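*Asks:* Note that our numbering has the sequence shown beginning at 531, numbered continuously upward.
None of these hints come from the bench; they were simulated from the model. Predicted model, so just to flag it, every value in this text is computed and none were measured. Check before you lean on any hint, since a few could be wrong.
Stated by the list, open to error - Simulated DEER-style distance windows between Cβ atoms:
1) Lys622 / Phe593: 20 to 28 Å
2) Asn643 / Leu727: 25 to 33 Å
3) Glu784 / Tyr725: 22 to 30 Å
To be verified - Below, in silico cross-link-like pairs of lysine to aspartate or glutamate (DMTMM-like), each with a Cα-Cα straight-line distance of 25 Å or less:
4) Lys680 / Asp638
5) Lys734 / Asp621
6) Lys680 / Glu777
7) Lys626 / Glu760
8) Lys620 / Glu552
9) Lys622 / Glu760
10) Lys736 / Glu538
11) Lys622 / Glu543
12) Lys792 / Asp684
13) Lys622 / Glu733
14) Lys571 / Asp660
15) Lys662 / Asp684
16) Lys637 / Glu777
17) Lys626 / Asp638
18) Lys788 / Glu698
19) Lys623 / Glu543
20) Lys736 / Glu544
21) Lys620 / Glu698
22) Lys626 / Glu544
23) Lys623 / Glu635
24) Lys792 / Asp782
25) Lys626 / Glu698
26) Lys729 / Asp621
27) Lys637 / Asp782
28) Lys729 / Glu552
Glycine included, each C-beta is placed from N, C-alpha and C at the ideal position.
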Amino acid sequence: MDSELKEEIPVHEEFILCGGAETQVLKCGPWTDLFCDQSVKRPKLLIFIIPGNPGFSAFYVPFAKALYSLTNRRFPVWIISHAGHALAPKDKKILKTSEDSNAQEIKDIYGLNGQIEHKLAFLRTHVPKDMKLVLIGHSIGSYFTLQMLKRVPDLPVIRAFLLCPTIERMSESPNGRIATPLLCWFRYVLYATGYLLFKPCPEKMKSFLIRRGLQLMNLENEFSPLNLLEPFCLANAAYLGGQEMMEVVKRDDEAIKKHLCKGLED
531 MDSELKEEIP VHEEFILCGG AETQVLKCGP WTDLFCDQSV KRPKLLIFII
581 PGNPGFSAFY VPFAKALYSL TNRRFPVWII SHAGHALAPK DKKILKTSED
631 SNAQEIKDIY GLNGQIEHKL AFLRTHVPKD MKLVLIGHSI GSYFTLQMLK
681 RVPDLPVIRA FLLCPTIERM SESPNGRIAT PLLCWFRYVL YATGYLLFKP
731 CPEKMKSFLI RRGLQLMNLE NEFSPLNLLE PFCLANAAYL GGQEMMEVVK
781 RDDEAIKKHL CKGLED
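Modelling step: build the complete structure from the supplied sequences, incorporating the hints.
*Replies:* This is the structure:
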């Protein structure tokens, strides 16, 4: 079954400019442009996956393929990276749209609030308004999902799933007690260390280290997540993590209660 999924299900990689930030989007299925396809076969629903932090969409490809297969290949499954967590290879074209927001319009795009607005900007510019949505948020992506529902209540979301939801008291968790001082007080030390270690590192060495790490975790991926060791991306992931620790404190029971009809569940 796994080999069949890997060989038969198409996954298309795009790098787009969204809110002024390079963004990787992995699209599972034959649909790459939902606006241009006006045929009767155009899907009426999009499954939209929002990652945790770091927001490396490549890690979710096996999950997306399984979803696509289990829905009998009727609906596209798209995975979006977080702003600043993915950089396009030098030979990869970055797609732009005339409706894309300027970077200045999304304040602090690499931070917590900016990342939420980044996902909303993508849906506005790349998904037709009449397209039904199934949102799947993982970890901090669950918090983003809740906030998206809260900020734009008329989003055509029919279901929302929160996987391993990170939506409250992050700094009080066992890992949070360790991560909070590192991400909030010593993040510039982390930036400098990451830059000194990985900036001069050859691409072949980075690729080897990542492949080796994936093997140790029994993970396979057709899209090599080289950005894992890119100082710019690591710095943005740490910056977002620091804001998570400080701002994701109280669970938003009001938003959860209001949108329970959309099937919020973990």
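*Asks:* Would you mind marking each hint as holding or not holding in the structure?
*Replies:* Checked hints:
As the Cβ distance of Lys622 to Phe593 is approximately 23 Å, the hint placing it in 20 to 28 Å holds. Checked against the hint of 25 to 33 Å, the pair Asn643 and Leu727 passes, with Cβ atoms roughly 30 Å apart. Range check, Glu784 to Tyr725: Cβ separation about 42 Å, and the 22 to 30 Å hint is violated. Between Lys680 and Asp638 the alpha-carbon distance is near 20 Å, which keeps this suggested pair within the 25 Å criterion.
For the hint pairing Lys734 with Asp621, the CA-to-CA distance comes to about 16 Å; that is within 25 Å, so the pair holds. Straight-line distance between C-alpha atoms of Lys680 and Glu777 comes to about 16 Å, which keeps the hinted pair within the 25 Å bound. In summary, the hint linking Lys626 to Glu760 is supported, as the alpha carbons are separated by about 23 Å, within the 25 Å threshold. The hinted pair formed by Lys620 and Glu552 meets the criterion: a straight-line CA distance of about 13 Å does not exceed 25 Å.
Only pairs whose Cα atoms come within 25 Å are accepted, and Lys622 paired with Glu760 is accepted, the gap being roughly 17 Å. With a CA separation close to 29 Å, the supplied pair Lys736 and Glu538 exceeds the 25 Å bound. A threshold of 25 Å between alpha carbons decides the hint, and for Lys622 with Glu543 the separation of about 10 Å falls inside it, so the pair holds. The suggested pairing of Lys792 with Asp684 holds, with an alpha-carbon distance near 12 Å, which does not exceed 25 Å.
For the given pair, Lys622 sits about 16 Å from Glu733 by alpha-carbon distance, which is consistent with the 25 Å threshold. Distance restraint check for Lys571 and Asp660: the Cα-Cα separation of roughly 15 Å lies within the 25 Å cut-off, and the hinted pair is therefore satisfied. At most 25 Å may separate the alpha-carbon atoms for a hinted pair to count; Lys662 and Asp684 meet this at roughly 11 Å. Between Lys637 and Glu777 the alpha-carbon distance is near 16 Å, which keeps this suggested pair within the 25 Å criterion.
As the CA atoms of Lys626 and Asp638 are separated by approximately 20 Å, the hinted pair is consistent with the 25 Å bound. Distance restraint check for Lys788 and Glu698: the Cα-Cα separation of roughly 17 Å lies within the 25 Å cut-off, and the hinted pair is therefore satisfied. For the proposed pair Lys623 and Glu543, the alpha carbon gap of about 11 Å is at most 25 Å, so the pair holds. Straight-line distance between C-alpha atoms of Lys736 and Glu544 comes to about 22 Å, which keeps the hinted pair within the 25 Å bound.
For the suggested pair Lys620 and Glu698, the alpha carbons sit about 39 Å apart, so the restraint of at most 25 Å is broken. Taking the CA atoms of Lys626 and Glu544, the gap is near 11 Å; set against the 25 Å cutoff, the hint holds. The suggested pairing of Lys623 with Glu635 holds, with an alpha-carbon distance near 23 Å, which does not exceed 25 Å. Simply put, Lys792 and Asp782 have alpha-carbon atoms about 16 Å apart, close enough for the 25 Å limit, and the pair holds.
Among the hinted pairs, Lys626 with Glu698 is inconsistent with the structure: their alpha-carbon atoms are about 35 Å apart, more than 25 Å. As the CA atoms of Lys729 and Asp621 are separated by approximately 19 Å, the hinted pair is consistent with the 25 Å bound. This hinted pair checks out: Lys637 and Asp782 have alpha carbons roughly 23 Å apart, not beyond 25 Å. Between Lys729 and Glu552 the alpha-carbon distance is near 19 Å, which keeps this suggested pair within the 25 Å criterion.
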